[in-house]
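Sequence lines, in order, name chains S and P.
Numbering-wise, numbering that gives the first Met the number 0 puts 13 at position 14 of the first sequence, and it's gapless, one number per residue.
Numbering-wise, numbering that gives the first Met the number 0 puts 88 at position 89 of the second sequence, and it's gapless, one number per residue.
Simulated from the structure, these hints should not be mistaken for lab results.
Ideal Cβ positions, reconstructed from N, Cα and C, are used throughout, including at glycine.
There could be a bad hint or two in this list.
Unchecked claim - Just a few of them, taken from the derived set where beta-carbon distance is under 10 Å, the chain S residues facing chain P:
| # | residue |
| --- | --- |
| 1 | T55 |
| 2 | K98 |
| 3 | P110 |
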Amino acid sequence: MSYSFLIFSVFNSKFAISSEQIYRIERFDVENVEYKDSHPSFYRVGDYVISLDWLTDSEINFDDPANFSRLILYRSSTKIRGIPVTDLHKVESFYDVSKISSVPKFFRGRPVLNWVHAFITANGQIIPILNLETLASLNLSAQVSQ
Amino acid sequence: MAKNQNLDDLISRLEEKEKEASIIYADEETEQVVIFELGGSLFAFPGKQVFEITTFESITTVPGLPSYFSGLITLRGAVEAVVNLKYLLNLPSDSQIYGTRIIFLKSDDHVLGGLADLVFDVIAIPRSNIHPPLQTLDEIKAEFVIGDFEYKEKQVVFLSITKIFSKIAELSKA
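Model the full structure from these sequences, guided by the hints.
See the structure below:
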């Protein structure tokens with residue numbers, strides 16, 4: 000049994016998503032962002048409009064080329080949602096759980112970190128593995144400069 | 000001459016009193032405490048609830064983590080959260096956290112780390128030396144304080160780990 004994760008970053012923070020849960024990865028095009036109350040929460044994918052999950056509370060300036068390069072589309076329940084990503088790093092497979100740690104007991108059953116399934120811990124790095132069923136509840140207030 | 004004798008007597012009695020205060024009688028109940036510095040003041044935790052003390056190396060911040068947490072750290076392969084004690088105790092915070100210590104605290108089955116500027120000492124003090132908290136203590140600190148005691152002529156605020164965990168649990172519900 001192996002566990003495979005795509006590791007990506009949003010600005011300076013790294014995250015992991017189970018490879019099985021990825022629906023598609025495409026280029027992030029700022030033209031497809033739908034603005035609502037000056038907060039871009041929606042994105043046009045062909046004929047569909049999907050919700051975006053921002054994994055940052057930093058200010059987002061779309062004119063800055065260092066911003067989002069890819070959009071990871073994933074399926075949550077019956078809906079497709081998207082995560083704007085700064086960089087894609089690699090797909091890493093784990094054949095045992097020695098490098099995977101669970102969420103600290105203190106947080107279990109509490110809303111803080113309920114969007115994290117577990118953590119990849121290697122070389123002093125702690126990378127949250129996203130819980131895609133609860134990610135939308137993270138609701139970070141990414142501020143957009145226009 | 001008689002005056003001097005009185006004074007000498009007074010001084011020797013004071014010295015005896017001081018000596019007595021530093022003596023721990025074998026049958027007197029003691030409390031092991033971990034004394035640490037935070038924002039220029041001395042604080043202590045009950046030693047029996049201190050799990051481990053490590054030097055600060057690196058900390059991972061994750062989005063959405065409330066400001067009373069400094070971030071996450073690995074301890075013996077497990078991920079644990081580190082509490083920003085200065086924030087919790089309403090002490091002036093600084094961004095320089097490298098070189099500090101992390102005191103890992105245990106309450107029930109839960110572990111949390113607490114950032115301290117310096118760890119001074121681990122000592123056993125007689126329970127009778129721990130005084131009730133001062134009424135003048137600011138409200139925020141008073142919430143976590145068991146009492147205070149003297150250490151090398153300095154006042155040490157003795158904190159309750161259980162109360163700190165309860166407060167963080169209450170804040171984390173929101």
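A quick look at each hint next to the structure:
The interface hint given for T55/S holds, since its Cβ lies 6 Å from the closest Cβ of chain P, which is under the 10 Å cut-off. With 10 Å as the threshold, the beta carbon of K98/S comes within range of chain P, its nearest partner Cβ sitting at about 9 Å, so the hint holds. Residue-level restraint check for P110/S holds (minimum Cβ-Cβ distance to chain P is 7 Å; threshold 10 Å).
The earlier numbered hints are all upheld by this structure, with none contradicted.
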